Amino acid sequence: MPSLILAETLAAWPTVLGHTLATLGTVLWGFAASVVISLPLAMLIAASPAISAALTPLLVVTQSIPKVALAPILIVALGANELPRIIVTFLVAFFPLVVGTVSGLLATPPELIELGRACRAGRIQELTRIRLPFAIPFVFAGLKVAAALAVVGAVVAEFVGADAGLGYLIQTSMAFFRTPLAFGAVVILALMGILLFQAVAIAERLLFPWSSGVDTPNPGI
Amino acid sequence: MIRLDRVSKRFGEMEALRDVTLTVAPGEFVAIVGASGCGKSTLLRLVAGLLPATAGHVVLDGRPVTEPRADTAMVFQAATLLPWADVLRNVTFPLRLMRRAGRETEARARALLATAGLAGFEHRRPRELSGGMQQRVAICRALLQEPRVLLMDEPFGALDALTREEMSLELLRIWQGREMAVLFVTHSIPEAVLLADRVVVMSPRPGRVAEIIPVKLPRPRSFDQEGSAEFQAAAQRIRGLIYGERVRAA
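Note that the protein sequences, when read in sequence, are chains A and B. Per this note's numbering, the first sequence starts with residue 1, numbered consecutively. Per this note's numbering, the second sequence starts with residue 1, numbered consecutively.
Derived from the structure by calculation, the hints contain no laboratory data. As the structure is a computational prediction, the values presented were derived from the model and not from experiment.
Each pair of labels, with its calculated beta carbon distance range: (1) B/H57 <-> A/P209: 46 to 54 angstroms; (2) A/T128 <-> B/H123: 17 to 25 angstroms; (3) A/T56 <-> B/P214: 54 to 62 angstroms; (4) A/V186 <-> B/E106: 49 to 57 angstroms; (5) A/E111 <-> B/A35: 21 to 29 angstroms; (6) B/E166 <-> A/I194: 48 to 56 angstroms; (7) A/I65 <-> B/A161: 55 to 63 angstroms; (8) A/A47 <-> B/E106: 27 to 35 angstroms.
The beta carbon of each residue, even a glycine, is placed where N, CA and C say it ideally should be.
Using the sequences and the hints, build the whole thing.
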């Protein structure tokens, strides 16, 4: 009943818009946190096998814990505010970004590294002038996955503890058997995911035009 | 100018080079040929300062080579261009990296690209160029450093036979105008004879200098000389050293 979904959603539009903006805020903050934390983390991991051996199991552990289980604990620990929701969003979204960036940094062809060394480049120069630019397509592959996952993360957090947001709207609507409205929220979430994904793709094309056509191991994402 | 004195290199259990002694005069063109795994590339990397020798000395201008030097440039088998930078920025990359880029760097790069037949391609990306053009860019990149020693590790190995012949003559033309010693690793015996003043023949496992063959063909060289008795004799001698008795038996 697409028409019913549309009608119900439009009828409640001011409320729906408020919830959408609340979710979008959580998504964007969580996504931003993923970027700010993942990139330096990936550089550390790529820089030394010892750091990689120490951090990688920890990262895998954070991925193995179901975020639905973690969310209520975080909310009790940190209080019913925006912070635990951003943390959950971050936890869901950051992993592919770290993995993508690390693979990019390590996939730099050894010849390019040797060229850098022959030109007397130090470790920092090697990272900033050769490895990081080379990793850009990989970083963006990770960013696209992270953008989509950030939406999932935000909704998971809102399901557990929130007084606003599309996840909250879905739960409350279902409690009152307002299924079309819940569906409407799902559609908005899907649109949000598509828009964020496209925004990342457009940013890549504008900022690094050479990147979008470069072959990466997972160009499908 | 380059002096290798009983140089050996081991990688763990594997002995790559044993007791290699070789001197290269300023401005001399020396080719290194040998079967795969005879340590040719390792030898270049020792001279480049990219690898330390296990024993012996690598000396450049009277000073031991301990790290890459600004007056040594290297050309690899693959063009190794930065995919994100255009041709001009690729050519100037080493100088920018070494903070030696000045005002005139870009003009010199453009002039160099023009002599390599790449005028008009300054702002193309590497993937828009053919393999031969990419390798020309890599050679321009090395020449822009105005090296006194140019190390070339099978620079034409990935090119088709026709482009390869064309590039070797071009390389000679560029080299002739400069005071630049060239160490040129190749698998191709005719290429080595055509280009070099001396051909170092190496034998494998561990890599050693089997013999150094002087090539007394007049310069400038051309493909016409391939038919000459001198050319054939040198090529035949190198073949004999590499394949041993197998050539004579066949």
